[in-house]
Amino acid sequence: MPEEPLRILVAAVLCWINFVAIDIFFRLPARGGVSGATAIAQEVEKGGGDLHGGYMLGNIVSSPDASAGTLLAACGVYCAGLPGGLFAALLVYIGNRICYDPGYAGTTGAITATFLVVGMTGLGFAASDFIAGMVIAILTIQGISHVHSSRLIGRLWEIRSRGGP
Amino acid sequence: MIAIYLCAGIAVYAAIRVILERNTMRKLPFVNVLSFAVTAIIALLIPHPLTILAAAAFFIGSTFESNAIASTWSGGMKRNG
Chain A
1 MPEEPLRILV AAVLCWINFV AIDIFFRLPA RGGVSGATAI AQEVEKGGGD
51 LHGGYMLGNI VSSPDASAGT LLAACGVYCA GLPGGLFAAL LVYIGNRICY
101 DPGYAGTTGA ITATFLVVGM TGLGFAASDF IAGMVIAILT IQGISHVHSS
151 RLIGRLWEIR SRGGP
Chain B
1001 MIAIYLCAGI AVYAAIRVIL ERNTMRKLPF VNVLSFAVTA IIALLIPHPL
1051 TILAAAAFFI GSTFESNAIA STWSGGMKRN G
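Chain order of the listed sequences is A and B.
Counted the way my numbering counts, the first sequence spans residues 1 to 165.
Counted the way my numbering counts, the second sequence spans residues 1001 to 1081.
Simulated from the structure, these hints should not be mistaken for lab results.
Note that CB positions come from ideal geometry on N, CA and C, so glycine has one too.
Using C-beta positions, here's what the derived DEER-type ranges look like: (1) A:GLY119 x B:THR1024: 39 to 49 angstroms; (2) B:GLY1075 x A:GLY48: 17 to 27 angstroms; (3) A:GLU158 x B:LEU1045: 35 to 45 angstroms; (4) A:ARG155 x B:HIS1048: 36 to 46 angstroms; (5) A:PRO102 x B:TRP1073: 15 to 25 angstroms; (6) B:GLY1075 x A:PRO2: 43 to 53 angstroms; (7) A:LEU123 x B:ARG1022: 41 to 51 angstroms.
So these bits of chain A aren't anywhere near chain B, every CB distance computed over 10 angstroms: (8) PRO2; (9) MET120; (10) LEU156; (11) SER161.
Please construct the entire structure, taking both the sequences and the accompanying hints into account.
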């Protein structure tokens, strides 16, 4: 079993892939879900970032998306095992409806993350590694440089939008 | 044990970025990071099945607040498409 810092780092990479892939699959960078998300995207673009990346940043702020699903699922598995993770998915579903979000990115992210975390605990990882890992993953997108993270998402979005609906 | 200190460190960092950022809309992603870190700390501090309710209530509540702030700032709740 690897040391804790290494496990957290691996967990951060897995969480990052889980939430970015699901958010882009559910077309979060396409447009702002509510007017607040659009306004955040416009400010990010004004600061030198990418508009579509900004939409995703705004949507993450405005409603529980796959990143929130991943975090809450990891918390659920940490506190109550597999049922805890699935319960977290239900809470994210309710949260989406409260935040006026018609999408299913958050719920899907929570369910995939639950199985990811439960599966990885079988390989010697702890659920707490994924909680810390997800905080690092969201830090890289929302908390370091909005210009660079929005451009990265913009580039990934170009690839996604070329692939059809 | 490292996990909780890491989350606490990231929470403090995000709080500082919130204070330093002057544009209100661009503050909100940092607030989001802060909420993530605090949610993680709640769960890591109290490993009890009911904690998931507290963590989710805090997180969804703070997301809803950010949503409200951003939408009010941009001129009220309008659905875009």
